[in-house]
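Asks: Turn these sequences into a full structure, and let the hints steer you where they fit.
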Amino acid sequence: DKFKLKVMIVDGDATEHFWVIPFKRTASGFAGILANEPEIVQNVVYGQYIEFSRDDISDWGYIRDGHQVGSYTVCVMLKKMSEQDADDLRSNYGFDC
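For the sequence shown, the numbering used here begins at 541 and goes up steadily by one.
A portion of the hints provided could be inaccurate.
The calculated label-pair distances, taken between Cβ atoms and stated as ranges, are [to be verified]: (1) M621 / A567: 21 to 31 Å; (2) A554 / V616: 18 to 28 Å; (3) A554 / D595: 15 to 25 Å; (4) M548 / V609: 29 to 39 Å; (5) N576 / S631: 37 to 47 Å; (6) K542 / E579: 22 to 32 Å; (7) A571 / Y602: 11 to 21 Å; (8) D553 / G606: 21 to 31 Å.
In the BS3-like style, the derived pairs of lysine-lysine whose C-alpha atoms are separated by at most 27 Å in a straight line are [what the hints assert, rightly or not]: (9) K542 / K620; (10) K619 / K564; (11) K564 / K542.
Derived from the structure by calculation, the hints contain no laboratory data.
These numbers come from a predicted model, not from an experiment.
Ideal Cβ placement from N, Cα and C applies to all residues, glycine included.
Replies: Spelled out as structure tokens, the structure:
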């Protein structure tokens with residue numbers, strides 16, 4: 541479960557991106573469990589099993605030697621967070637960005 545994908549979910553005009561952990565390949569694409577709470581869309585819930593295609597994937601990541609590899613959308617978000625919140629994410633989750 542060290543690997544994760546970020547997937548775009550659309551609900552009408554609203555769009556939100558969710559980490560999916562764990563996930564697996566299927567005959568038609570991928571499937572997995574939503575690993576964060578929705579804040580915008582209302583058509584999914586935390587822990588829901590979803591199926592998705594490669595086109596829905598917006599980010600990816602994994603942990604190597606205690607450090608995050610990938611997770612590029614989180615690196616963008618860190619720049620918009622308070623310094624304390626960003627430092628907490630870096631130290632607690634191994635982000636180097």
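Asks: Against each hint, give a clear statement of whether it holds in the structure.
Replies: Structure-based check of all given hints:
1. M621 / A567: 21 to 31 Å: 39 Å, violated
2. A554 / V616: 18 to 28 Å: 20 Å, holds
3. A554 / D595: 15 to 25 Å: 18 Å, holds
4. M548 / V609: 29 to 39 Å: 21 Å, violated
5. N576 / S631: 37 to 47 Å: 20 Å, violated
6. K542 / E579: 22 to 32 Å: 25 Å, holds
7. A571 / Y602: 11 to 21 Å: The hint (11 to 21 Å, Cβ to Cβ) holds, given that A571 and Y602 are roughly 18 Å apart.
8. D553 / G606: 21 to 31 Å: 40 Å, violated
9. K542 / K620: 26 Å, holds
10. K619 / K564: Violated, at about 31 Å.
11. K564 / K542: Holds: K564 and K542 sit about 13 Å apart, inside 27 Å.
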